[in-house]
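S.K.: Sequences listed follow chains A and B, in order.
The first sequence begins at 306 in the numbering used here and counts up one residue at a time.
The second sequence begins at 306 in the numbering used here and counts up one residue at a time.
Source of the hints: derived by calculation from the structure; they are not laboratory data.
Here the structure is a predicted model, which means the values were calculated and not measured.
Take the hints with a grain of salt, since some may be wrong.
Which copy is meant is left open, so a pair is good if it fits within one copy or across any two.
Unchecked claim - The calculated DSS-like cross-link candidates involving lysine-lysine, where the alpha carbons are at most 25 Å apart (straight line), are:
1) Lys429 / Lys439
2) Lys416 / Lys312
3) Lys435 / Lys375
4) Lys439 / Lys312
5) Lys393 / Lys416
6) Lys318 / Lys344
7) Lys375 / Lys318
8) Lys439 / Lys393
9) Lys413 / Lys429
10) Lys413 / Lys344
11) Lys375 / Lys397
12) Lys312 / Lys435
13) Lys344 / Lys429
14) Lys416 / Lys429
15) Lys318 / Lys435
16) Lys413 / Lys318
17) Lys375 / Lys312
18) Lys393 / Lys318
19) Lys397 / Lys413
20) Lys429 / Lys375
21) Lys435 / Lys344
22) Lys439 / Lys344
23) Lys375 / Lys393
24) Lys429 / Lys312
Protein chains: 2
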Amino acid sequence: MAIEIVKPNDIEKRSFAIITEELAQRGLTVPDREAPVTKRVIHTSADFEYAETMTYSENAIDIMQDLIRKGADIVTDTNMAKSGISGKTLEKFGGHVHCFMADPDVAKEAKERGITRATVCMEKAARISKEENKPIIFAIGNAPTALIRLREMYDDGSFRPAFIVGVPVGFVNVEAAKELIIETDIPYIINRGRKGGSNIAAAICNAVMYDLPSARDF
Amino acid sequence: MAIEIVKPNDIEKRSFAIITEELAQRGLTVPDREAPVTKRVIHTSADFEYAETMTYSENAIDIMQDLIRKGADIVTDTNMAKSGISGKTLEKFGGHVHCFMADPDVAKEAKERGITRATVCMEKAARISKEENKPIIFAIGNAPTALIRLREMYDDGSFRPAFIVGVPVGFVNVEAAKELIIETDIPYIINRGRKGGSNIAAAICNAVMYDLPSARDF
Chain A
306 MAIEIVKPND
316 IEKRSFAIIT
326 EELAQRGLTV
336 PDREAPVTKR
346 VIHTSADFEY
356 AETMTYSENA
366 IDIMQDLIRK
376 GADIVTDTNM
386 AKSGISGKTL
396 EKFGGHVHCF
406 MADPDVAKEA
416 KERGITRATV
426 CMEKAARISK
436 EENKPIIFAI
446 GNAPTALIRL
456 REMYDDGSFR
466 PAFIVGVPVG
476 FVNVEAAKEL
486 IIETDIPYII
496 NRGRKGGSNI
506 AAAICNAVMY
516 DLPSARDF
Chain B
306 MAIEIVKPND
316 IEKRSFAIIT
326 EELAQRGLTV
336 PDREAPVTKR
346 VIHTSADFEY
356 AETMTYSENA
366 IDIMQDLIRK
376 GADIVTDTNM
386 AKSGISGKTL
396 EKFGGHVHCF
406 MADPDVAKEA
416 KERGITRATV
426 CMEKAARISK
436 EENKPIIFAI
446 GNAPTALIRL
456 REMYDDGSFR
466 PAFIVGVPVG
476 FVNVEAAKEL
486 IIETDIPYII
496 NRGRKGGSNI
506 AAAICNAVMY
516 DLPSARDF
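Please put together the full structure from these sequences, using the hints given.
M.R.: Given below as C-alpha cells:
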C-alpha cells in the first residue's frame, strides 16, 4: 500500500471527497442541509453506518446555528468531548463549552444520592442556565443517564434544554434514552442505536459551527 | 423500549457482559490476554468490527504494561485522547500523558516546513525522550503522518519508539501508515483498516493500565 502525497491543508478536503464518493457508491443519500454534519461524523469514525442512523429533528441545524449565533453555551458529559469541541469557534459567538463531570461537588453529590455524575451534571447545568438566563446546547457523548435526566426535567416542567446533541455510546439504556428525547419536542441531533461517543458529539458540534458563514475564518 | 434499572457502578460490568455474550453469538473469538483491551474498544465504539481488526504484536500487552510499570510517558497526537487517557493511573507509575499539538512552537514549525503538526510533534517527542532518557508509548488516534514520521525515524536510526498504539482514523494514508508500523519490530497495538480515533487510542491505553493489578485501586 503506497503513501499518497497530500498537502496538510488538503487532507480534510480529500477525505470529504472520498466520503462523498463512497456514500454514492453505497447508494446512501444524505439531505444537503445535513450532509456537512453526517459527513463529519463519518470522517471522525470511518463508519458509514452513521449515514443510516443519524436523525435530525425538523430544521435541527438551523435551530442549533441560531442558538450558537445568540451565544448559547455547550454543556457536555465528558472532558474528551469538551477537548474536541472547538471552544475558540464557539467563543466568537459569545458561548463557552462546559463539562462538570470532574467537579468535586458533582462527584460528592452523585455518591451521596447513588446516581451517576452525569445525572448531577445535568441538574447543575439546568440550574446555571436558569440563573444566568442562558440557553444551553447539551452535547451528550457518553451517558444515557444524562439524557434520561434531561427528559425527566422536561416532563416535570422544571427545565427545558434548548437543544440536545444526543449520541451516547454503549449497551445499557443507550438506545432507549435516545428514543426518550426523540419523543419530545426538544430540537435534537441524535444517532439512533448504540453508536456514538465523545468524538461523535464533538464532530457534530464542530460541523454545525463550521457551517456558519462567519466561523471558518480562523 | 424500557429503561433498565442499573446501579451506576454496575453499568460497566453489565456492558462488558453484553459484549462477551454478543462476541460469542457472532462467533468472534478474542485471545484471553487481549480480551480486556479489545472489549474496551468495543465498549467505547459499540462496533464489533474491532474484534476482527485489532492487531497485537507478540506479547504486546505484557510489553506495554512493563513500560508503564517502569514509568514510561504516553505521547498522543490529540488533546481529546490526552483527556481520555487516565493520567491519574499513569502517574501512579511515574509516567505522564503529553500532547504537543497545541504548542505554539509546533504550529509555527509545521507551517514553515509545510508539514503536519503531528509530524513535528513526533520529532519533539523523540527529542525529549532522548534528552530525558525516558521510554515513550505513542498513542496515535488521529494523524497517519505521525506514524509515517515514527517509521522514518526508525528507518534512519535516529529514534526508536518504545511502543506504538496506532489507531488513526480516516481515509487518506491511514491504512498504509498502520502497515508501515506493523512491518517493523517495534511492539504495537494497531487497528488495521480505516477505523480508530482518539477515543479508541484512549480506551486501549486505559484498558492496558486497568489490567495492571496495582492500577484499579483508585
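S.K.: Give a verdict on every hint.
M.R.: Do the hints match the structure? See the list:
1. In this assembly of identical chains, the alpha carbons of Lys429 and Lys439 lie at most 25 Å apart only when taken from the same copy (13 Å versus 42 Å across copies).
2. With identical chains, the CA atoms of Lys416 and Lys312 are at most 25 Å apart between copies only, with a shortest distance of 11 Å across copies and 50 Å within one.
3. Taking CA atoms no more than 25 Å apart as the test, Lys435 paired with Lys375 passes inside one copy only; the shortest distance there is 16 Å, against 49 Å between copies.
4. Taking CA atoms no more than 25 Å apart as the test, Lys439 paired with Lys312 passes in neither setting, with 41 Å inside one copy and 32 Å between copies.
5. Taking the shortest alpha-carbon separations for Lys393 and Lys416, only the inter-copy value of 20 Å comes in at or below 25 Å, while the best intra-copy value is 34 Å.
6. For the homomeric pair Lys318 and Lys344, the shortest alpha-carbon distance inside one copy (12 Å) is at most 25 Å, but the shortest distance between copies (33 Å) is not.
7. In the homo-oligomer, the alpha carbons of Lys375 and Lys318 never lie at most 25 Å apart, since the shortest distance is 29 Å inside one protomer and 42 Å across protomers.
8. Taking the closest pair of Cα atoms, Lys439 and Lys393 come within 25 Å of each other only inside a single copy of the chain (19 Å); across copies the shortest separation is 34 Å, beyond that limit.
9. For the identical chains of this complex, Lys413 and Lys429 are intra-copy neighbours only, at 13 Å inside a copy versus 40 Å across copies, given an alpha-carbon limit of 25 Å.
10. When the C-alpha separation of Lys413 and Lys344 is checked against a cutoff of 25 Å, the pair qualifies neither within a copy, at 39 Å, nor between copies, at 30 Å.
11. Taking CA atoms no more than 25 Å apart as the test, Lys375 paired with Lys397 passes inside one copy only; the shortest distance there is 11 Å, against 44 Å between copies.
12. Taking the shortest alpha-carbon separations for Lys312 and Lys435, neither the intra-copy value of 47 Å nor the inter-copy value of 29 Å comes in at or below 25 Å.
13. Taking CA atoms no more than 25 Å apart as the test, Lys344 paired with Lys429 passes in neither setting, with 33 Å inside one copy and 33 Å between copies.
14. In this homomeric assembly, Lys416 and Lys429 come within 25 Å of each other (Cα to Cα) only inside a single copy, at 15 Å, whereas the closest approach across copies is 42 Å.
15. In the homo-oligomer, the alpha carbons of Lys318 and Lys435 never lie at most 25 Å apart, since the shortest distance is 41 Å inside one protomer and 36 Å across protomers.
16. For a Cα distance limit of 25 Å, the shortest separation of Lys413 from Lys318 across copies, 22 Å, qualifies, whereas the shortest one inside one copy, 46 Å, does not.
17. For a Cα distance limit of 25 Å, the shortest separation of Lys375 from Lys312 qualifies neither inside one copy, at 36 Å, nor across copies, at 38 Å.
18. In this assembly of identical chains, the alpha carbons of Lys393 and Lys318 lie at most 25 Å apart only when taken from the same copy (21 Å versus 37 Å across copies).
19. In this homomeric assembly, Lys397 and Lys413 come within 25 Å of each other (Cα to Cα) only across copies, at 23 Å, whereas the closest approach inside a single copy is 34 Å.
20. In this assembly of identical chains, Lys429 and Lys375 lie within 25 Å of each other by CA distance solely inside one copy; the values are 22 Å within and 41 Å between copies.
21. In the homo-oligomer, the alpha carbons of Lys435 and Lys344 never lie at most 25 Å apart, since the shortest distance is 34 Å inside one protomer and 41 Å across protomers.
22. Proximity of Lys439 and Lys344 under a CA criterion of 25 Å is satisfied in neither setting, with 30 Å inside one chain copy and 40 Å between copies.
23. Taking the closest pair of Cα atoms, Lys375 and Lys393 come within 25 Å of each other only inside a single copy of the chain (16 Å); across copies the shortest separation is 38 Å, beyond that limit.
24. Taking identical chains as interchangeable, the C-alpha atoms of Lys429 and Lys312 lie at most 25 Å apart only when they sit on different chains, with a minimum of 21 Å there against 44 Å within one chain.
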